[in-house]
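One line per chain: the protein sequences are A and B, in this order.
Residues in the first sequence are numbered from 408 upward in steps of one, following our numbering.
Residues in the second sequence are numbered from 299 upward in steps of one, following our numbering.
It is worth saying that the hints were derived from the structure and are not from the lab.
We put the beta carbon where it would ideally sit given N, CA and C, even for glycine.
Check each hint, because a few of them may be wrong.
[As the list claims (entries may be wrong)] Reference excerpt, derived from the structure (chain A facing chain B, CB under 10 Å, subset only):
hint, residue
1, Ala503
2, His504
3, His506
[As the list claims (entries may be wrong)] If you anchor each label on the Cβ, the simulated ranges turn out as follows:
hint, chain 1, residue 1, chain 2, residue 2, range
4, B, Pro349, A, Thr500, 31 to 37 Å
5, B, Ala516, A, Ala465, 27 to 33 Å
6, A, Asp498, B, Gly576, 35 to 41 Å
7, A, Thr493, B, Ser639, 51 to 57 Å
Chain by chain, the residues:
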Amino acid sequence: MKSRRWRHGGVPCLALLCGLGLATQGLAACPVDKGFSAVSSPPPLQLAWRPLLQDGTAIAPELIPMARHFLVEVQLCDGAGPSPATLSRIDATMPAHRHGMNYRPRIRQVGAGRFRVEGMMFHMSGDWRLEFELTAGTEVQRLFHDLAIR
Amino acid sequence: MTLRFAEIFAWLAAGLLLAGPAVPARAQPTAADGGFSTAEIARIAGHGPWPMPWHGDPGNRVSGNDAAIRLGFRLFFDPGLSANGRISCASCHDPARGFQDGRANAQGLRTGTRNTPGVLDVRHQRWFGWDGAHDNLWSASLRPIVDPGEMGGSAARSAARLRNDPDLACHYRQAFGKAPDSADADLLVNIAKAIAAWQETLVSPRTAFDHFRDALLANDASGIGAYPAAAKRGLRLFLGPGQCATCHAGPQFSNGEFADIGVPFFIKPDGVDPGRQGGIRRLLANPNNLLGRGNDDATRGNATATRHLRPEHRNFGEFKVPTLRNLRQTAPYMHNGSLASLPEVVRHYSELDEDRLHSDGERILKPLRLSEGEAADLVAFLESISAALPATAMAAPLTAPGCRPR
Chain A
408 MKSRRWRHGG VPCLALLCGL GLATQGLAAC PVDKGFSAVS SPPPLQLAWR
458 PLLQDGTAIA PELIPMARHF LVEVQLCDGA GPSPATLSRI DATMPAHRHG
508 MNYRPRIRQV GAGRFRVEGM MFHMSGDWRL EFELTAGTEV QRLFHDLAIR
Chain B
299 MTLRFAEIFA WLAAGLLLAG PAVPARAQPT AADGGFSTAE IARIAGHGPW
349 PMPWHGDPGN RVSGNDAAIR LGFRLFFDPG LSANGRISCA SCHDPARGFQ
399 DGRANAQGLR TGTRNTPGVL DVRHQRWFGW DGAHDNLWSA SLRPIVDPGE
449 MGGSAARSAA RLRNDPDLAC HYRQAFGKAP DSADADLLVN IAKAIAAWQE
499 TLVSPRTAFD HFRDALLAND ASGIGAYPAA AKRGLRLFLG PGQCATCHAG
549 PQFSNGEFAD IGVPFFIKPD GVDPGRQGGI RRLLANPNNL LGRGNDDATR
599 GNATATRHLR PEHRNFGEFK VPTLRNLRQT APYMHNGSLA SLPEVVRHYS
649 ELDEDRLHSD GERILKPLRL SEGEAADLVA FLESISAALP ATAMAAPLTA
699 PGCRPR
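Using the sequences and the accompanying hints, generate a full structural model.
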């Protein structure tokens with residue numbers, strides 16, 4: 408994987424995914440949109456997501472309909488603004504069942520730090536684990552978010 | 299999207315359930331709510347309403363078209379599409395048997411290796427056939443016409459039948475707005491689309507379970523009390539220890555996906571049925587899938603499932619999770635028709651042979667080890683999701699105005 412430097416406003420940002428702690432400069436440049444759910448992330452990185460029905464209606468994560476396709480919007484911010492990291496993969500598994508989804512989602516970048524994912528489906532009720540894979544240059548980090556589908 | 303009251307209630311109930319501590323939990327379920335807990339009621343609500351809302355098939359331009367429905371009815375019962383002139387769609391999909399045939403394996407020109415699936419409520423399906431080799435109803439309706447082992451027909455034979463029968467030709471003109479003079483292959487696609495349009499009208503009736511579910515949500519003690527105690531006990535098993543609803547979910551009692559539940563996939567004398575693995579292969583090779591030019595939805599918004607398919611090793615030996623509606627009319631059961639009765643189906647899950655399950659497969663499948671009484675309760679519940687089919691379900695649509703009655 409080709410390495411590259413991340414920069415925000417001229418500030419080197421190599422340590423972003425390693426969580427080495429650049430000083431948080433406030434989130435004014437990249438407020439996570441209302442209605443997005445935060446995923447536990449190493450500061451200053453912020454990952455937030457929200458599901459949408461196929462018709463584009465935003466819904467709360469706990470209301471994702473079982474066995475129906477849905478979309479996901481992801482927002483990546485850091486202390487200085489939109490994160491230069493890329494959402495390189497998203498997937499979901501049922502740890503207790505030891506299997507994942509029957510569908511392969513596709514990711515499209517729709518703006519700085521913004522991604523839209525199509526083709527998600529939780530085809531069974533139970534506990535699911537969402538996995539977000541972020542890439543910046545040669546650095547890769549995975550973040551997880553657990554949720555129950557009824 | 300228009301939500302019915304019961305749907306709204308179901309969403310609210312689910313939301314309240316998930317909200318956890320904010321919901322004042324009832325100390326004890328009462329007789330008035332059938333003895334079901336708040337959590338159970340929320341899950342029961344998710345198995346309705348019935349019938350489900352339906353908004354037509356955007357991939358079939360004659361979906362919901364009255365003239366196409368009339369044409370599709372005629373074609374569904376027309377043996378003239380088959381090679382020997384004696385087999386129609388209805389030969390296997392018999393209206394008197396829940397649009398199934400009562401055989402273990404389908405019998406067309408040859409004996410098949412799979413059980414004939416019923417077509418009631420087929421309009422709600424995402425995948426068609428036990429292996430999901432079709433992603434749309436018209437494509438699934440076309441295949442048996444030309445399958446050498448089923449009807450053994452062809453595009454040329456079907457087109458000639460349409461052109462040479464004045465009644466069919468008249469109904470075709472009404473449905474498609476032009477004479478049946480297109481190329482044979484295009485006419486065959488339109489024949490399949492008309493047959494699909496008719497099948498979309500086949501909706502199974504409300505059942506004892508549906509009445510109970512609605513009574514529960516409406517707090518109607520009389521309606522709740524009318525549901526047999528054995529069915530209530532079976533429902534509790536279905537939702538709880540049995541974990542049946544993990545896959546047999548929603549108003550159709552199916553998540554529409556695929557699973558290996560330990561039913562053998564060997565075919566006598568020495569073959570094997572790859573199930574979903576082969577289905578995905580056939581689907582992607584089929585020009586009539588939703589990524590093809592026959593899809594009337596120009597946006598391809600209806601092709602999400604096909605576009606995002608993820609073939610997996612575990613697909614080998616997986617078969618479609620069937621609906622549990624109309625089971626009383628659709629014995630025998632399983633993809634190969636190997637289980638003759640509902641007690642046998644329940645016994646299969648009770649004594650599940652874990653050694654038969656795919657090593658990559660579902661980990662929560664365990665033998666239920668049901669007592670005799672529990673097994674009977676589960677059967678009572680399953681039977682409560684069936685109702686006698688009204689005669690109107692198989693009534694012929696009227697002859698189109700301007701067409702000569704047969």
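Now for the hints, and whether the structure bears them out:
| no. | hint | in the structure |
| --- | --- | --- |
| 1 | Ala503 | holds, 7 Å |
| 2 | His504 | holds, 5 Å |
| 3 | His506 | holds, 7 Å |
| 4 | B:Pro349 - A:Thr500: 31 to 37 Å | holds, 34 Å |
| 5 | B:Ala516 - A:Ala465: 27 to 33 Å | holds, 30 Å |
| 6 | A:Asp498 - B:Gly576: 35 to 41 Å | violated, 25 Å |
| 7 | A:Thr493 - B:Ser639: 51 to 57 Å | holds, 56 Å |
This entry does not satisfy hint 6, going by the numbered hints stated previously; all others are met.
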